[in-house]
Amino acid sequence: EAAVTQSPRNKVTVTGGNVTLSCRQTNSHNYMYWYRQDTGHGLRLIHYSYGAGNLQIGDVPDGYKATRTTQEDFFLLLELASPSQTSLYFCASSGLSQNTLYFGAGTRLSVL
Amino acid sequence: QQKVQQSPESLIVPEGGMASLNCTSSDRNVDYFWWYRQHSGKSPKMLMSIFSNGEKEEGRFTVHLNKASLHTSLHIRDSQPSDSALYLCAASDSNNRIFFGDGTQLVVKP
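Chains A and B, in that order, are what the protein sequence lines are.
Here the first sequence stands for residues 116 to 227, where the numbers follow the numbering used here.
Here the second sequence stands for residues 2 to 111, where the numbers follow the numbering used here.
Hint data in this document are derived by calculation from the structure and do not stem from the laboratory.
As the structure is a computational prediction, the values presented were derived from the model and not from experiment.
Using N, Cα and C, we set each Cβ at its ideal position, and we do this for glycine too.
Mixed in with the good hints, there may be bad ones.
What the hints assert, rightly or not - According to the in silico footprint, chain A covers these stretches of chain B (three or more CB under 8 Å from chain A):
#1 46-52
#2 92-105
Unchecked claim - The calculated DSSO-like cross-link candidates involving lysine-lysine, where the alpha carbons are at most 30 Å apart (straight line), are:
#3 110/B with 57/B
#4 4/B with 57/B
#5 4/B with 43/B
#6 57/B with 180/A
#7 68/B with 57/B
#8 43/B with 110/B
#9 126/A with 180/A
#10 43/B with 57/B
#11 46/B with 126/A
#12 46/B with 68/B
#13 46/B with 4/B
#14 4/B with 180/A
#15 126/A with 43/B
#16 180/A with 43/B
#17 57/B with 46/B
Claimed, not checked - Pulled from the structure, derived: some chain B residues nowhere near chain A, Cβ distances all over 10 Å:
#18 25
#19 62
#20 82
Full structure from sequences and hints, please.
Structure, rendered in structure tokens:
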């Protein structure tokens, strides 16, 4: 099964803080996605990418930047974190278009 | 507006019973559907996919798709306590954006 590793697993920061969430996949997948999941809700798409240097906008991009530095690595950046960004963040990858998503274990972020 | 709507929000079925979950997309650009299952404290895992009109069966799980109405349903027969989880419907558009609904929380009571 595809391996997707997220770090850190847990992060606490203060309002206005700067946070970077990391995601690495080792299966040469083209597509990578960042989602957030709030309690009792499904996943909301923040950003996604179909290759190194590419970035596509999702449904809830405000307050988030992302960068795909290599085929393997996709980063989510919160430059001025706000309490509304407290959430569980999932990274996922897929090999081809219209293909199964493989998820990382998630990063739980708290913004105080 | 959420592009994928799921119903019911929660469902309780007895062990051995049938669970039926529904999903509809309001986006006419959507063309592929998946069902994912997320156990408490875990990440989602793909359960079934369906891309063509009709029905697909895998063991105790059956999924239906009507592309004209952009409606899919998941049916779990002989439900087991281990099936208790959040079931997420996902759909993709021609830009490979993959959207999820808010999920149906299924509880199977022994």
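Consistency of the hints with the structure:
Look at the segment 46-52 of chain B against chain A: 4 of its residues bring a Cβ nearer than 8 Å to a Cβ of that chain, three or more, so the hint holds. Counting residues of the segment 92-105 of chain B whose beta carbon lies closer than 8 Å to any beta carbon of chain A gives 10, which reaches the threshold of three, so the coverage claim holds. The straight-line distance between the Cα atoms of residue 110/B and residue 57/B is roughly 26 Å, inside the 30 Å bound, and the hint therefore holds. Restraint check for residue 4/B and residue 57/B: the C-alpha separation of about 23 Å stays at or below 30 Å, so the hint holds.
Between the alpha carbons of residue 4/B and residue 43/B the distance comes to roughly 24 Å, so the proposed pair stays at or under 30 Å and holds. Only pairs whose Cα atoms come within 30 Å are accepted, and residue 57/B paired with residue 180/A is rejected, the gap being roughly 39 Å. Annotation: proposed proximity of residue 68/B to residue 57/B holds, straight-line Cα distance about 14 Å (limit 30 Å). A C-alpha spacing of about 21 Å is found between residue 43/B and residue 110/B, which places the hinted pair at or below 30 Å, so the restraint holds.
Our distance criterion of 30 Å between C-alpha atoms is met by residue 126/A and residue 180/A, whose separation comes to about 17 Å. Distance hint between residue 43/B and residue 57/B is fulfilled; the C-alpha atoms sit about 26 Å from each other, no more than 30 Å. With a C-alpha separation of about 24 Å, the suggested pairing of residue 46/B with residue 126/A holds against the 30 Å cut-off. Between the alpha carbons of residue 46/B and residue 68/B the distance comes to roughly 23 Å, so the proposed pair stays at or under 30 Å and holds.
Proximity of residue 46/B to residue 4/B is assessed by CA-CA distance (about 20 Å); at most 30 Å being required, the pair is judged to hold. Between the alpha carbons of residue 4/B and residue 180/A the distance comes to roughly 23 Å, so the proposed pair stays at or under 30 Å and holds. With a CA separation close to 18 Å, the supplied pair residue 126/A and residue 43/B stays within the 30 Å bound. With a C-alpha separation of about 25 Å, the suggested pairing of residue 180/A with residue 43/B holds against the 30 Å cut-off.
Proposed proximity of residue 57/B and residue 46/B is supported: the alpha carbons are some 18 Å apart, at most 30 Å. A cut-off of 10 Å between C-beta atoms confirms that residue 25/B is not in contact with chain A; the least separation is 14 Å. Distance to chain A confirms residue 62/B as a non-interface residue, since its nearest Cβ pair spans about 15 Å, more than 10 Å. Non-interface status of residue 82/B relative to chain A is upheld: no Cβ of that chain comes within 10 Å, the nearest being about 21 Å off.
The earlier numbered hint that this structure contradicts is number 6, and it is the only one.
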